[in-house]
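Asker: The residues making up each chain are set out below.
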Amino acid sequence: MLKIENVKRLGSEQLETLFVENGYIKGWNLNDTAEQTLDGRGGTVIPALIELHAHLREPGQTEKEDLASGLAAAAAGGYGTVVSMPNTSPVVDDPSIVRALIEKADGLGLARLRPAAALTKGQSGKELAELALLKDAGAVMFTDDGRTNEDARMLRLGLEYAHSLGLMVSVHAEDATLRADGVMNEGPVSEALGLPGNPAAAEAARVARDIEIAAFTGARLHVQHLSTARALDLVREAKKRGVPVTCEVCPHHLTLTDEALRSFDALYKVAPPLRTQADADALLAGLLDGTVDCLSTDHAPHTRAEKERDLLEAPFGIAYIELAFPLMVTRFADTLGVERIVNLMTSAPARLMGWDEPNLTEGAPADFTVVDLDTERVVDPSTFKSKAKHTPWAGETLRGWPTLTVVGGRVAFERA
Amino acid sequence: MNARPRHLLDFDDYTPERLGAILDNADVMRAVLDRPVKKVPALQGLTVCTAFFENSTRTRTSFELAARRMSADVLSFAAGSSSVSKGESLRDTIETLTAYKVDAFIVRHHASGAAHLVAKYSGKPVINAGDGRRAHPTQALLDAYTIRRELGSLEGKNVTIIGDVRHSRVARSNAQLLPMLGANVTLCGPATLLPRDLAHLPGVKLTTNAQDAVTGADAVMALRLQGERMNGGYLGSLQEYIREYQVNDALLARASDDAIVLHPGPMNRDVEISSAAADGPRSRILQQVENGQAIRMSVLYHLLVGRA
Ligand SMILES: [Zn+2]
Chain A
1 MLKIENVKRL
11 GSEQLETLFV
21 ENGYIKGWNL
31 NDTAEQTLDG
41 RGGTVIPALI
51 ELHAHLREPG
61 QTEKEDLASG
71 LAAAAAGGYG
81 TVVSMPNTSP
91 VVDDPSIVRA
101 LIEKADGLGL
111 ARLRPAAALT
121 KGQSGKELAE
131 LALLKDAGAV
141 MFTDDGRTNE
151 DARMLRLGLE
161 YAHSLGLMVS
171 VHAEDATLRA
181 DGVMNEGPVS
191 EALGLPGNPA
201 AAEAARVARD
211 IEIAAFTGAR
221 LHVQHLSTAR
231 ALDLVREAKK
241 RGVPVTCEVC
251 PHHLTLTDEA
261 LRSFDALYKV
271 APPLRTQADA
281 DALLAGLLDG
291 TVDCLSTDHA
301 PHTRAEKERD
311 LLEAPFGIAY
321 IELAFPLMVT
331 RFADTLGVER
341 IVNLMTSAPA
351 RLMGWDEPNL
361 TEGAPADFTV
371 VDLDTERVVD
381 PSTFKSKAKH
391 TPWAGETLRG
401 WPTLTVVGGR
411 VAFERA
Chain B
1 MNARPRHLLD
11 FDDYTPERLG
21 AILDNADVMR
31 AVLDRPVKKV
41 PALQGLTVCT
51 AFFENSTRTR
61 TSFELAARRM
71 SADVLSFAAG
81 SSSVSKGESL
91 RDTIETLTAY
101 KVDAFIVRHH
111 ASGAAHLVAK
121 YSGKPVINAG
131 DGRRAHPTQA
141 LLDAYTIRRE
151 LGSLEGKNVT
161 IIGDVRHSRV
171 ARSNAQLLPM
181 LGANVTLCGP
191 ATLLPRDLAH
201 LPGVKLTTNA
211 QDAVTGADAV
221 MALRLQGERM
231 NGGYLGSLQE
241 YIREYQVNDA
251 LLARASDDAI
261 VLHPGPMNRD
271 VEISSAAADG
281 PRSRILQQVE
291 NGQAIRMSVL
301 YHLLVGRA
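If you're matching them up, the sequences are chains A and B in order. Quick note on numbering: the first sequence equals residues 1 to 416 in UniProt numbering. Quick note on numbering: the second sequence equals residues 1 to 308 in UniProt numbering.
Some clues are possibly wrong.
Each computed SDA-like pair below joins lysine to any residue, with the alpha-carbon atoms no more than 25 Å apart [claimed, not checked]:
hint: 1; chain 1: A; residue 1: Lys-387; chain 2: B; residue 2: Thr-93
hint: 2; chain 1: A; residue 1: Lys-387; chain 2: B; residue 2: Tyr-121
hint: 3; chain 1: B; residue 1: Lys-120; chain 2: A; residue 2: Ser-263
hint: 4; chain 1: A; residue 1: Lys-240; chain 2: A; residue 2: Ala-350
hint: 5; chain 1: B; residue 1: Lys-205; chain 2: A; residue 2: Lys-387
hint: 6; chain 1: B; residue 1: Lys-205; chain 2: A; residue 2: Ala-350
hint: 7; chain 1: B; residue 1: Lys-38; chain 2: B; residue 2: Thr-93
hint: 8; chain 1: A; residue 1: Lys-8; chain 2: A; residue 2: Gly-60
hint: 9; chain 1: A; residue 1: Lys-8; chain 2: A; residue 2: Ser-263
These are calculated hints, taken from the structure and not from any lab test.
Given these sequences and hints, build the entire structure.
Answerer: Dropping the structure here:
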């Protein structure tokens with residue numbers, strides 16, 4: 001038995017004690033004795049966060065990140081479950097790789113790993129992967145993320161096959177031919193900076209195409225990391241028509257704009273790119289009106305040397321799974337409310353995946369996080385568990401930091 | 001006047017007065033170039049590093065001569081993209097060069113913003129000698145200087161820049177600089193090579209019609225058309241481009257009577273500019289090269305010596 005004293009439930013000021021036994025929640029404020037007692041220091045207990053979109057880089061790119069560093073970073077960010085993207089080296093398109101990843105992650109005692117597998121072999125967009133076998137091995141979602149499903153017929157076949165297996169296909173919705181060599185949002189800023197632009201239309205055009213495919217196949221389509229007001233409108237209209245489409249947005253698209261590229265710092269080079277303030281405002285409105293289904297980070301670690309290249313050479317991606325929750329709380333507690341932020345990072349992703357909705361009542365799996373909603377801390381990348389120790393928010397003051405993450409009844413992270 | 005900028009990356013930190021001072025000072029430098037002994041001791045004891053990550057013999061020669069004429073030592077560094085592919089970041093390269101006790105960098109790079117990164121990583125004064133499509137400030141200064149010298153002033157002058165504006169750092173830098181000095185800039189080219197968003201720059205007009213663009217112009221600058229643009233699908237054919245946008249005598253007939261012709265070089269003769277126009281009485285293309293050295297001496301002096 002483990003008990004955590006001095007914790008609050010969301011929306012309450014009362015200090016309570018939470019009891020955990022054999023990986024499940026035993027109850028609140030019991031009269032039992034526990035072998036281990038932890039002090040929640042007045043923090044608020046919420047279900048452990050669920051990340052549907054993280055790049056953990058294993059196998060093959062472990063200089064950027066590996067399961068141990070990535071899942072430790074996730075736990076430090078308050079996440080209990082992480083869906084890893086399959087664009088590794090080799091690509092996760094073989095059941096044996098899925099099994100190996102799960103087995104390795106299980107032994108780490110950090111955040112739980114639920115791998116996504118490639119939709120097509122080698123993510124080449126040419127032949128379906130062995131979706132049924134991948135599912136049996138433990139894959140929870142199919143995606144060619146990192147690539148963009150240029151072949152519409154293959155996406156159709158993939159959606160149909162995955163749907164028959166009850167699993168979701170998620171797509172990086174960007175027309176690669178329209179994006180071309182763009183490294184940032186196309187607009188006045190990209191032209192002033194002389195950097196090749198990626199137009200908002202590259203996303204909208206692809207989302208429009210994919211929505212039509214979802215509509216006529218009837219298969220579930222999940223659009224990853226939406227970045228533009230226009231694409232969001234398309235999703236909004238499609239949902240009204242009853243098309244089975246869902247979408248996610250990332251905190252970096254809510255909090256940063258293409259103006260950040262004026263620094264010429266490749267930290268801000270992401271795909272899809274940082275857009276305009278009007279886009280960021282529209283994404284927030286989409287969260288408020290329910291068009292956006294959940295938040296994800298698209299945690300995409302790279303080495304510091306790679307990110308210190310020039311803007312054409314540096315790879316796309318931003319790594320901040322350890323900051324996502326505090327960033328959302330600090331910036332959006334006033335507009336969205338903490339409860340909604342928590343929901344968008346816990347129940348909402350679980351619902352999308354068809355998983356049991358996380359809760360903190362007796363008998364529920366003991367996956368939870370204690371967050372300190374009040375104390376401000378300065379972002380210090382040197383303390384990151386992730387191998388990527390660089391971030392746009394270095395030096396910023398945030399609140400809402402996770403202090404304790406429990407996964408399956410075991411402590412996966414405890415902040416000193 | 002604002003604090004003297006430490007670098008010349010673009011004109012963001014510059015006032016028109018400061019820019020005017022650089023142009024004025026170029027007159028003094030030109031006088032040095034006309035002397036039998038073309039050398040002054042202004043930069044004696046200083047080491048200037050030309051870090052060229054992209055080839056450009058002309059620009060490099062111009063900068064190195066400018067530095068040497070002011071008695072600076074020159075460390076010449078040329079890197080292909082090979083060092084990047086070996087995993088060395090731009091930062092590593094610059095920190096290594098900085099360790100050689102270099103006093104200033106002159107940077108040429110294929111990526112926009114690279115000169116800003118060199119400034120950040122080296123902590124030394126940096127002159128941008130062309131970064132990606134972003135900026136080529138000394139080229140714009142020498143263009144402005146040439147126009148001012150030939151036409152007496154920039155105030156109210158109409159400057160038309162024709163060609164591949166999309167990929168041109170020369171166009172972007174001129175479009176930033178010339179309006180600051182009182183000139184009107186018209187950017188012209190086929191729509192595929194003329195980004196609409198450049199219309200947001202103050203004092204800049206866009207048009208796809210070369211005849212309109214040149215009508216009443218006091219200076220007409222042709223931009224180099226890279227052969228690759230054909231493969232990129234930007235143009236239907238070279239012949240079509242030549243018919244619509246070549247700077248030639250027929251087009252120049254619409255310009256003002258004493259209009260001059262500029263080209264940042266190297267030229268594709270009889271593509272973006274006709275040989276007749278390039279060699280004709282309006283052409284100031286060789287004066288640009290000459291003025292380039294004086295401008296670069298003036299910029300070096302301004303950043304490294306005359307810290308008023
Ligand atoms: Zn993606």
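Asker: Look at each hint and say if it fits the structure.
Answerer: Hints, one by one, checked against the model:
no., hint, in the structure
1, Lys-387(A) with Thr-93(B), "holds, 23 Å"
2, Lys-387(A) with Tyr-121(B), "holds, 22 Å"
3, Lys-120(B) with Ser-263(A), "holds, 10 Å"
4, Lys-240(A) with Ala-350(A), "holds, 22 Å"
5, Lys-205(B) with Lys-387(A), "violated, 48 Å"
6, Lys-205(B) with Ala-350(A), "violated, 53 Å"
7, Lys-38(B) with Thr-93(B), "violated, 33 Å"
8, Lys-8(A) with Gly-60(A), "violated, 42 Å"
9, Lys-8(A) with Ser-263(A), "violated, 42 Å"
Hint compliance for this structure: hints 5, 6, 7, 8 and 9 are broken, all remaining hints hold.
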